[in-house]
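Engineer: Sequence:
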Amino acid sequence: INLGGIDLSEAANWISVINTLPLLEVLRLDYCNLPLKVPSSLSYINTSTTLRVISLKSGSSGYNSANDTSILHWICNISRTATSLAYLDLYGNSFQGTIPLFIGKMKSLSHLDLGENDFSGQIPSEIWTIDSLSYLSLSYNRLQGTINSTISNLKYLTLLDLSYNKFQISGHFMKSLGKLCRLGTLRLDKNNITSELSEVVDSLSPCAYKSLSFLTLSNTQLNGTIGEWIGRLSRLEVLDLSSNFLNGVIS
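Read in the working numbering, the sequence shown has 218 at position 218, and its numbers run on one by one without any break.
It is possible that some hints are incorrect.
With a cut-off of at most 25 Å between alpha-carbon atoms, the simulated DMTMM-like pairs for lysine to aspartate or glutamate come out as follows [to be verified]:
1. 166 to 202
2. 155 to 89
3. 57 to 10
4. 166 to 228
5. 155 to 189
6. 57 to 25
7. 57 to 126
8. 190 to 89
9. 190 to 240
10. 179 to 196
11. 179 to 199
12. 190 to 116
13. 210 to 131
14. 107 to 30
15. 175 to 199
16. 179 to 228
17. 57 to 189
18. 175 to 126
19. 210 to 240
20. 166 to 199
21. 179 to 189
22. 166 to 126
23. 166 to 118
24. 190 to 202
25. 175 to 196
26. 175 to 89
27. 107 to 228
28. 155 to 131
29. 107 to 89
30. 57 to 30
31. 175 to 118
32. 179 to 118
33. 105 to 116
34. 210 to 237
35. 105 to 126
36. 179 to 131
37. 210 to 199
38. 155 to 30
39. 105 to 89
Just so you know, these hints were derived from the structure itself, not from any lab.
With the hints as extra help, turn the sequences into a complete structure.
Structural biologist: What follows is the structure in structure tokens.
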């Protein structure tokens, strides 16, 4: 099912309808003005065991109405029954509170986007055990703290977007990223990087130099000099170091 962009603001029973489709594999209801409150009569029950894709994105036009997090309980039940769920996109729904721990139990996920919400606290360590992830975006939330070095478990990760949060990012974290030899896109903008730029780059491994094509570190309090290290990133296409405290000569 793909009803993206259709105004479903009056479809108060949409979850009841979905629950009658036990063989449904794809559910895309992006930018639909969905009422995301699950009726208490459903007791957060769903019957699907085959869902592979759930996309409930919202944005500047066609917001889904996440006035509470009851929809997350419904998705939690899916995680218990639909063991093949590979794609979960909840971008832009203004969910609040901490990231639900049940997401870490979705071991078949390859795509997870929780960006543009209002999640706070730390990233649950369970997230770093989803070793099938290739796409992870937690951007534009209020997440904070340090990031567990077990992120190095995500061997298939090609995109990591942690931008616009309040993380404390150290060279130790960057060293963990160096083990992700498929990582092509890394966005850490608007966090606090506690190392100098040269330390950040030196922490990466040779395989990371060969895989990174998109690197953005703007507004991260970075200091130090811009040197010859840029030449090590042989596949680099986009580099954003703006709004930092860098100096030196670019040659």
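Engineer: Against this structure, judge whether each hint is valid.
Structural biologist: Hints, one by one, checked against the model:
1. Between residue 166 and residue 202 the alpha-carbon distance is near 23 Å, which keeps this suggested pair within the 25 Å criterion.
2. With a C-alpha separation of about 21 Å, the suggested pairing of residue 155 with residue 89 holds against the 25 Å cut-off.
3. Distance hint between residue 57 and residue 10 is fulfilled; the C-alpha atoms sit about 18 Å from each other, no more than 25 Å.
4. Distance check on the hinted pair: residue 166 and residue 228 sit about 29 Å apart at the alpha-carbon level, beyond 25 Å; violated.
5. Distance check on the hinted pair: residue 155 and residue 189 sit about 23 Å apart at the alpha-carbon level, within 25 Å; holds.
6. This hinted pair checks out: residue 57 and residue 25 have alpha carbons roughly 17 Å apart, not beyond 25 Å.
7. Using a Cα cut-off of 25 Å, the hinted pair residue 57 and residue 126 holds, with the two alpha carbons roughly 23 Å apart.
8. Taking the CA atoms of residue 190 and residue 89, the gap is near 22 Å; set against the 25 Å cutoff, the hint holds.
9. Proximity of residue 190 to residue 240 is assessed by CA-CA distance (about 12 Å); at most 25 Å being required, the pair is judged to hold.
10. The suggested pairing of residue 179 with residue 196 holds, with an alpha-carbon distance near 20 Å, which does not exceed 25 Å.
11. Simply put, residue 179 and residue 199 have alpha-carbon atoms about 16 Å apart, close enough for the 25 Å limit, and the pair holds.
12. Simply put, residue 190 and residue 116 have alpha-carbon atoms about 14 Å apart, close enough for the 25 Å limit, and the pair holds.
13. Taking the CA atoms of residue 210 and residue 131, the gap is near 21 Å; set against the 25 Å cutoff, the hint holds.
14. The straight-line distance between the Cα atoms of residue 107 and residue 30 is roughly 24 Å, inside the 25 Å bound, and the hint therefore holds.
15. A threshold of 25 Å between alpha carbons decides the hint, and for residue 175 with residue 199 the separation of about 10 Å falls inside it, so the pair holds.
16. With a CA separation close to 22 Å, the supplied pair residue 179 and residue 228 stays within the 25 Å bound.
17. A C-alpha spacing of about 22 Å is found between residue 57 and residue 189, which places the hinted pair at or below 25 Å, so the restraint holds.
18. Between the alpha carbons of residue 175 and residue 126 the distance comes to roughly 20 Å, so the proposed pair stays at or under 25 Å and holds.
19. Our distance criterion of 25 Å between C-alpha atoms is met by residue 210 and residue 240, whose separation comes to about 18 Å.
20. This hinted pair checks out: residue 166 and residue 199 have alpha carbons roughly 20 Å apart, not beyond 25 Å.
21. Annotation: proposed proximity of residue 179 to residue 189 holds, straight-line Cα distance about 21 Å (limit 25 Å).
22. Under the criterion of a C-alpha separation no larger than 25 Å, the hint pairing residue 166 with residue 126 is consistent with the structure, at around 20 Å.
23. A threshold of 25 Å between alpha carbons decides the hint, and for residue 166 with residue 118 the separation of about 12 Å falls inside it, so the pair holds.
24. With a C-alpha separation of about 21 Å, the suggested pairing of residue 190 with residue 202 holds against the 25 Å cut-off.
25. For a cut-off of 25 Å, the pair hint linking residue 175 to residue 196 stands: about 14 Å separates their Cα positions.
26. Distance restraint check for residue 175 and residue 89: the Cα-Cα separation of roughly 28 Å exceeds the 25 Å cut-off, and the hinted pair is therefore not satisfied.
27. For the given pair, residue 107 sits about 40 Å from residue 228 by alpha-carbon distance, which is inconsistent with the 25 Å threshold.
28. Proximity of residue 155 to residue 131 is assessed by CA-CA distance (about 7 Å); at most 25 Å being required, the pair is judged to hold.
29. Only pairs whose Cα atoms come within 25 Å are accepted, and residue 107 paired with residue 89 is accepted, the gap being roughly 15 Å.
30. A C-alpha spacing of about 5 Å is found between residue 57 and residue 30, which places the hinted pair at or below 25 Å, so the restraint holds.
31. Distance check on the hinted pair: residue 175 and residue 118 sit about 28 Å apart at the alpha-carbon level, beyond 25 Å; violated.
32. Restraint check for residue 179 and residue 118: not satisfied, since their Cα atoms lie roughly 30 Å apart, outside the 25 Å limit.
33. Distance check on the hinted pair: residue 105 and residue 116 sit about 22 Å apart at the alpha-carbon level, within 25 Å; holds.
34. A threshold of 25 Å between alpha carbons decides the hint, and for residue 210 with residue 237 the separation of about 12 Å falls inside it, so the pair holds.
35. Distance hint between residue 105 and residue 126 is fulfilled; the C-alpha atoms sit about 7 Å from each other, no more than 25 Å.
36. Our distance criterion of 25 Å between C-alpha atoms is met by residue 179 and residue 131, whose separation comes to about 13 Å.
37. Taken as a hint, the residue 210 and residue 199 pair is honoured in the structure, with Cα atoms around 18 Å apart against an allowance of 25 Å.
38. With a C-alpha separation of about 29 Å, the suggested pairing of residue 155 with residue 30 is violated against the 25 Å cut-off.
39. With a C-alpha separation of about 16 Å, the suggested pairing of residue 105 with residue 89 holds against the 25 Å cut-off.
In the structure shown, a violation is registered for the earlier hints numbered 4, 26, 27, 31, 32 and 38, in ascending order.
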